[in-house]
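Engineer: Just so you know, the protein sequences line up as chains A and B, in that order. Here the first sequence is numbered in the UniProt record's numbering, starting from 1 and rising by one per residue. Here the second sequence is numbered in the UniProt record's numbering, starting from 1 and rising by one per residue.
Bear in mind the hints are in silico, worked out from the structure with no lab data behind them. Since no wrong hints were added, every one of them can be taken at face value.
Pairs count within a copy or across copies, as identical chains cannot be separated in the list.
Derived EDC-like pairs: lysine to aspartate or glutamate, alpha-carbon spacing no greater than 20 angstroms straight-line:
id : residue 1 : residue 2
1  : Lys30     : Asp166
2  : Lys40     : Asp27
3  : Lys250    : Asp240
4  : Lys30     : Asp180
5  : Lys30     : Asp172
6  : Lys30     : Asp167
7  : Lys49     : Glu417
Treat the numbers as computed from the prediction; the structure is a model and nothing was measured.
Number of protein chains: 2
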Amino acid sequence: MSAARTLHLNTNVTGTGRHPAGWRTLDNPKSIIDLAFFTKIAQTAERGKLDAVFLSDALALRGHAHGPAQSLEPTVLLTALAAVTRHVGLIGTASTTFNDPYNLARRFASVDHLSAGRVAWNAVTTYDTDAAGNFGGGAALDKTARYERAAEFVDVVQKLWDSWEDDALIADRTSGRYADPTRVHAIAHDGPHFQVRGPLNLPRSPQGRPVLVQAGGSEAGVALAARHADAVFTAQTTFDGAQAFYRDIKARAVGHGRNPDHFLILPGLYPVIGGTLGEARQRKAEMDALLDRSAELAKFAGALGVTSDALQLDAPLPYDLLDSGTRSDVSSGFIRSTVLLARSENLTVRELLDRNPGAHRMLVGTPETIADDIERWFAGRAADGFNLNADVFPSGLAAFVDHVVPLLQRKGIFRREYEGTTLREHYGLPRPTSRYAGRADVTDTATSGALASHVAI
Amino acid sequence: MSAARTLHLNTNVTGTGRHPAGWRTLDNPKSIIDLAFFTKIAQTAERGKLDAVFLSDALALRGHAHGPAQSLEPTVLLTALAAVTRHVGLIGTASTTFNDPYNLARRFASVDHLSAGRVAWNAVTTYDTDAAGNFGGGAALDKTARYERAAEFVDVVQKLWDSWEDDALIADRTSGRYADPTRVHAIAHDGPHFQVRGPLNLPRSPQGRPVLVQAGGSEAGVALAARHADAVFTAQTTFDGAQAFYRDIKARAVGHGRNPDHFLILPGLYPVIGGTLGEARQRKAEMDALLDRSAELAKFAGALGVTSDALQLDAPLPYDLLDSGTRSDVSSGFIRSTVLLARSENLTVRELLDRNPGAHRMLVGTPETIADDIERWFAGRAADGFNLNADVFPSGLAAFVDHVVPLLQRKGIFRREYEGTTLREHYGLPRPTSRYAGRADVTDTATSGALASHVAI
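Next up, chain A with everything else stripped away, as it sits in the complex (with noise of 0.2 angstroms):
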C-alpha cells in the first residue's frame, strides 16, 4: 500500500462480455462453459496488473434463446481461474436473499483459503420475480424487507468470518493442542432473519474477512454500502452525476466512522477501444450489425415494464407511460437511469440502445481518448477507479491491457507491478482484527458428537 493515491481496475465479466452479439464473434461461441476462455480473460486481467475479475450473477434463465449471459457459479469459476493465476483479485456475486449465511461466510472464506487471500464477496439482494420462481415460486421479498434481510445477512456472515481468530488455530504436534478453543468463538447471532450459533468450521481465511463489495444505487443499497462495504460497484453515466455520489457516499461513510479512504467507489465503463476512433467506431458498429433488433427492443421493454409496441425505434421514449403508474421497485432504479440518460441528450429508443441503456458509461475512443477519460474521472473524484466492462471477451480486455494500460501506467496513476498478494493489498484495505479477539467465552462443542458425524460419512 503506497502513500499516493493509485487507480484500481477491475474487469467486469458478464456472459462472454457486454455486448449482446459478441458472442457471435468468437472462435468458440460456447464459451460460456469452457474454462479456456475464463482462463484467459482472468491471465489476461492479471498481465494487465488489474485489481481483479468480478463475475456477476443471475439466479434464473433468462434470453438464452439470443445469447449467454453468466452461467457457471461464481465461487466455483472462481476457485478455477484461482489455480489459474497468482496475483488477480476473485470478486464474486452472491445473493442475501437466495442463499444461507452460513454456507455462503464457508464458501468465499474456503475459497479465500484456496487463492492465498485473493476473494471478495459481491452482495446483491436480487430483486427479480424468475429467481424467486426457482426459490419457492412466491414473489421476491420486497425491496424494504430484501434490504433488512441484506444488512442481517451481512452482520452474520461478517461474524463468522470473525469467528476464529488468526492464531486459533495452533496444531502443536507436541501437546496434540488442536485448536484453541478460547480463540474460537460462537457468534449466538439471534435476529429477526437469522439465527446462527456459530462458529464457522473453518479457520480465519487469509484476508481475515474476504472483501466484501455491494452492487446497486438504490437508497436502500447505498445506505447499505456506506455502512458495511469495502468498495462499491455502481453505474455512474455523467461525471457531475458520479462526483456527487462520490461525495455523498464517502461522506455517509465518514458518518459512520469510516475511513473514506478504505471504502472505494467503482463506476462501471465500457470501452470500445480502436486505434483511431473511426477504428473503434467500425469495431462496434460490426457487432452491432450482428444484432437481433427485435429481441433487443423486447428485452428492453421488458426492462422497463412496457410492452414492445409501446416502444418505436426512432421515436423518443415514451415518458408518459414510464413516469405514471406505480413501478415495483424491481426495475426503477433501471428506469430511472433509463430516462435521466436518454432526457439529458434527448435521444431515441435506437440511440438508447446503441448506448447499452441503463448500465454503464460506454466510451467509443482510443487508448488516448479512454485514458483521459479515467484519469479525468480519477483526479476529479468522481471515481476511485473502474469496472471495465468489454464488448467481447478477451479481445476487449486484451485492448485495454495492452494499450490503455501503459498510458495510464505513464500518468502514474496506475501500478506498474502488483505490490501485495491480496485483494486487500491491490484495493489499499487493512486487514481486520477479529471482533472477537480478547474475549474470553469458550465455545468448543467438542463432545456432543464427533464421531456421530464420522458415521454420516
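Following the hints, put chain B in place on chain A, whose structure we already have.
Structural biologist: Here is chain B on its own, set in the frame of chain A:
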C-alpha cells in the same frame, strides 16, 4: 466400460485422515487449510488409478480442540482439485436439509463442467443439532421429514440437471440462435417442500447428470439409495452382513426397475498397511500413543448419548443404558453398529475405541492380506468396491497405491489405466438422457428483464 466386473475404489477424505491423532505426524499439522496437502491426496489417488476422491462434510465445528475435520467447502475444494488432476473422480458431500436445490444443482453442474465430467454429489440429510444451530437455531428435522425432503430435493436437482437437453446450446454465429428454446425446459416442480420453476441457468453438464451417491445405512437412507443413487457408501463390518446388505439393496433396486450393475455398493474400509503385520501394528500403535484418550472417550460417549462416566475403558459397553429408553434417530445408526460390533467380539470400550467404532472396517495388515480381503469381498459380492480411509494422508493412501493396487491389478480385478474420462465411465454407469428430451414445451423467458439483470451488475 469393459464387460468384466471391475473393482471400484475411492479415497475417503475426512480431516487429515481417520486416525484422530494422525495430524500429529504431519510435517504441516495445519494441512486442513493447505491446498498442497489435498493436491497431494488427489494426485496420489490418480497415480493409483482410483475412481475418485471423496470428501466427507459436516456443517458445524466440533472437537476442534483435539483435531481437524473437513473445513473447506467441498464443491470449492473439488474445483481446485479438478485443476491439478485429469482423470480421478471428485465426490462432494452436501446436505439436503441445509441447502436449496437450485443452488446445489447449479454448483455441482458447474464443477462437472469445469472438471470435464468428473463430479458426484453425495447427498446426506444431516442429522445434526449442531448444524441445525447454524441454520435457524431449531432442531434438525425429524428423520421422516428429513428423508421426505431429501427424496424431493434429489428429484428437483435431477430435473434441473435435465432441464437443458444435450443439444440445446446451439450458439450458431450465422443465424444468431444461441439456445434452442424447445430444448430448454421449465421443470415446474410443485411439491410439499419445494416449488422450483427452472430451467437451470447452465447448459447440461458433461455427465448429463453428475453421479449421485447416497451414504448412510438407515432404512430411510437405504430406501432412497435403492431408488435413486448411482452408488451407496455404507459402513459394513462383517462379510456376512455386507453380503446380506448387498443382496437386499440390489434386489430393491431391481424392484424399482433398475439394472443392478448400475448401482454400486461401496463399503468403507480402513486399511493400516505395513510391510509385515508387525510393521502395520507398529504404525497403528505409534499413532495410538498420540491419542488423547479422555477426549476420545468424551467424544465416544457424546456419540452414544451417554455421559463420559457411564463408560469405563476396560469394561464392556453399558448395554442396558444403550438399549433402554427413547433414542433420537440422531445417533441410533451409530449406536446400532457399535453395539453389534461390541457384542459380536465381546469388546471392552478400549478395544472398541481401537477399532474405530461405528465407522469403517479396519484392516491392519500387509499389502497381501489387504488385497486378499478386498478380493474376497469383491468376488463374494459383499462389495463392488470400497471407500478407502487412510489413517493419515497422504502416507496411508500412498502405501495403498504403491503396494496394494499393484496386487489388485495382478489379480485382474482393478484397472491398470483409466479407460474413460468421466466418473460415470470409471463407475461403468450409462450417461442418462434428459427426461425432457422430445417434449415440445417452450420455456424461453427472454423478455422478462434481461437488461434489468445487467443493471444489477
